[in-house]
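**Q** Residue-level listing of the chains:
Protein chains: 2
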Amino acid sequence: MRQLLDDIIVPAYKLNKVDEGVGLPEMDDGASIPFGGRHLIVTTDTYTVKPLFFPGGDIGRLAVCGTVNDVAMMGATPIALTSAIVLEEGLSVEVLERVVNSMGETLEELGIPLVAGDTKIVERGGIDEMLITTSGVGLADRVVTDSGLRPGDKVILTGTVGNHQLSLLASREGLNLETPIKSDAAPLFGLIYEAMKVGYITAMKDPTRGGVSGALNEMAKKSGVDITIREEDIPIKEVVMSTCGLLGLDPLELANEGVAIIGVDEDSSKKVLEVIRKNEYGRDAAIVGEVQEGGGRAILETFVGGRRVIREPVGSPMPRIC
Amino acid sequence: MRQLLDDIIVPAYKLNKVDEGVGLPEMDDGASIPFGGRHLIVTTDTYTVKPLFFPGGDIGRLAVCGTVNDVAMMGATPIALTSAIVLEEGLSVEVLERVVNSMGETLEELGIPLVAGDTKIVERGGIDEMLITTSGVGLADRVVTDSGLRPGDKVILTGTVGNHQLSLLASREGLNLETPIKSDAAPLFGLIYEAMKVGYITAMKDPTRGGVSGALNEMAKKSGVDITIREEDIPIKEVVMSTCGLLGLDPLELANEGVAIIGVDEDSSKKVLEVIRKNEYGRDAAIVGEVQEGGGRAILETFVGGRRVIREPVGSPMPRIC
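Chains A and B are the protein sequences, given in the same order. Here the numbering used here is used: the first residue of the first sequence is 165, the next is one more, and so on. Here the numbering used here is used: the first residue of the second sequence is 165, the next is one more, and so on.
Pulled out of the complex, with its shape left as it was, chain A reads as follows (with noise of 0.2 Å):
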């Protein structure tokens, strides 16, 4: 996928951004555009996932909170989202019911309207039940994007890792776990905005696919530094680590919905911790690591006290019980 996108995708477009906005070959969470001294940010992502219903969410909920992280990842506080639907012919009404509404409330629930949309209906066999793409449109004073961490800045974990794709594989194989895990598919930009308030963030990336370990990755090579996370302060539940060691999954590998990496500039980092730890969804959140002059690694401090570098996720963690 990822030479499909350098080597065919992305060099077909020569017209790739907005003046000197970020545009396409950044491969950002999103898109800027300069617009009379501020940001207009873009984003568009496609969702599928299997099962549409999981411990702590939905498709619906999913696709609203992750175009909403997309554009606050940026920098940005969402002013709009719009929504094209494909729909497996034969697919419930019930269903589509059932989903819609959960997009609906999530929005209400974040005060952002959808604005347009779109619904079709394709052949069964080939999706799962549904595709959802949504398309989100923010405003941002200043674009925060995925390069702009310096050495000397402070690195912040919002929340406990690994929780939304381990909620996914362990619906999805029937695990029975004694403690049941969650999805944790959640709406940042509230966090994101308070924590710009107080402090400097120098650069945010959602840990999705590929996990916190593809995203560290992807930050320490466009902004050309080193990132050394320590394990010992990374957030994790007790169930995530567990269930995680006994089915040979990295939980750093694993793709969280509700979770952001803050790149913050030392003096403010404290402030920017408490601030998020006072947020709903950011009451796990720590400084896990630091930025050091570098080449582009990312490095992980382990319990025992040894340094490893944190290798690039290739394609999806899967159980070894699959």
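None of these hints come from the bench; they were simulated from the model. A hint or two may mislead.
Put simply, identical chains are the same to the list, so a pair is met inside one copy or across any two.
With a straight-line Cα cutoff of 27 Å, these simulated DSS-like cross-link-like pairs (lysine-lysine) come out [claimed, not checked]:
| id | residue 1 | residue 2 |
| --- | --- | --- |
| 1 | Lys386 | Lys284 |
| 2 | Lys385 | Lys284 |
| 3 | Lys284 | Lys214 |
| 4 | Lys284 | Lys178 |
| 5 | Lys346 | Lys284 |
| 6 | Lys401 | Lys435 |
| 7 | Lys434 | Lys385 |
| 8 | Lys434 | Lys386 |
| 9 | Lys401 | Lys442 |
| 10 | Lys401 | Lys346 |
| 11 | Lys442 | Lys361 |
| 12 | Lys386 | Lys178 |
| 13 | Lys346 | Lys214 |
| 14 | Lys435 | Lys361 |
| 15 | Lys214 | Lys401 |
| 16 | Lys178 | Lys385 |
| 17 | Lys386 | Lys361 |
| 18 | Lys434 | Lys401 |
Given the coordinates of chain A, work out where chain B should sit on it, guided by the hints.
**A** Just chain B, lined up with the frame of chain A:
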């Protein structure tokens, strides 16, 4: 589909517009967001077409033109597009490359950048090789909607009708036509921009799904007027007319991708027509009818002088031979 939209999808979103902008319930070609005295326009649409490549275009050019036209139909100049592509597993890299290159070339021709994207892969069997969801962002000084028609307005059709869908049908069914029919997929915002400079445009819509019949019905209902068009004035190619006759198709119900229906103030209608006819995509433009007070009907004055109500198309037109 219409019922799904009215009963399930639209009501799911209680927040459905920004301030006094055009939002989801209007089901116009896009939404408008009031923005510093001007209007930001956003649109989204999923494109699926079989075959991917057809006389006069391909799914990539179609997706770009369709979205650019939706932005233009709201009275706006497009600023940027995003694209979310869903690929059927096993699709060849060559096919993907041809499609994204076609998108890139069309955008370059228009001077519009593609600023953000997403790519997903789904299992074989459900979708026709690929789906492309394009979203567009534009800027308008004045928003033009479907509902702005006023009694006395003239109605302009900017090009010959029926070419797009008939070219698809012909190529799918392997029809051997003496004169090949080419899709009209074309970007219209240049033409619209010129027209808006010289006259007062009251309403616009591109007759895609549902064709001219569907679009006229929507405009008449939303505007609370009747529209009468004259069959003899409708621009249509000889080969489209005869092929439709042969196949039992109504050319007014066929989807177009490079034609606009424009309502224009009577006083400026001749000037607007003149300007449109100078544009490469408007050479066959004609004033085809007028708007009267009424209850939302579209009426056709036939060749032989009769008058009949144009019904709203139900489903997609199928040739008799299928």
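**Q** Would you mind marking each hint as holding or not holding in the structure?
**A** Hints and how they fare:
Within a single copy, lysine 386 and lysine 284 get their C-alpha atoms only as close as 37 Å, which misses the 27 Å cut-off; across copies the closest is 23 Å, which meets it. Proximity of lysine 385 to lysine 284 under the C-alpha cut-off of 27 Å is restricted to the inter-copy arrangement: shortest distance 24 Å between copies versus 39 Å within a copy. Taking identical chains as interchangeable, the C-alpha atoms of lysine 284 and lysine 214 lie at most 27 Å apart whether they share a chain (20 Å) or sit on different chains (14 Å). Taking the shortest Cα distances, lysine 284 and lysine 178 sit within 27 Å of each other only across copies (22 Å), while inside one copy they are farther apart (30 Å).
Taking the shortest Cα distances, lysine 346 and lysine 284 sit within 27 Å of each other only across copies (25 Å), while inside one copy they are farther apart (31 Å). With identical chains, the CA atoms of lysine 401 and lysine 435 are at most 27 Å apart within one copy only, with a shortest distance of 24 Å there and 70 Å across copies. Taking the shortest alpha-carbon separations for lysine 434 and lysine 385, only the intra-copy value of 26 Å comes in at or below 27 Å, while the best inter-copy value is 59 Å. In the homo-oligomer, the alpha carbons of lysine 434 and lysine 386 lie at most 27 Å apart inside one protomer (25 Å), although the nearest pairing across protomers, at 56 Å, exceeds that limit.
For a Cα distance limit of 27 Å, the shortest separation of lysine 401 from lysine 442 inside one copy, 19 Å, qualifies, whereas the shortest one across copies, 67 Å, does not. Taking the closest pair of Cα atoms, lysine 401 and lysine 346 come within 27 Å of each other only inside a single copy of the chain (11 Å); across copies the shortest separation is 60 Å, beyond that limit. Only within a single protomer do lysine 442 and lysine 361 lie at most 27 Å apart by alpha-carbon distance; the minimum there is 14 Å, versus 53 Å between protomers. Taking the shortest alpha-carbon separations for lysine 386 and lysine 178, only the intra-copy value of 21 Å comes in at or below 27 Å, while the best inter-copy value is 40 Å.
Proximity of lysine 346 and lysine 214 under a CA criterion of 27 Å is satisfied intra-copy only: 15 Å inside one chain copy versus 41 Å between copies. In this homomeric assembly, lysine 435 and lysine 361 come within 27 Å of each other (Cα to Cα) only inside a single copy, at 10 Å, whereas the closest approach across copies is 54 Å. With identical chains, the CA atoms of lysine 214 and lysine 401 are at most 27 Å apart within one copy only, with a shortest distance of 23 Å there and 48 Å across copies. Taking identical chains as interchangeable, the C-alpha atoms of lysine 178 and lysine 385 lie at most 27 Å apart only when both belong to the same chain, with a minimum of 23 Å there against 42 Å between chains.
For the identical chains of this complex, lysine 386 and lysine 361 are intra-copy neighbours only, at 25 Å inside a copy versus 45 Å across copies, given an alpha-carbon limit of 27 Å. For the homomeric pair lysine 434 and lysine 401, the shortest alpha-carbon distance inside one copy (23 Å) is at most 27 Å, but the shortest distance between copies (71 Å) is not.
When each numbered hint is compared with the structure, no violation occurs for any of them.
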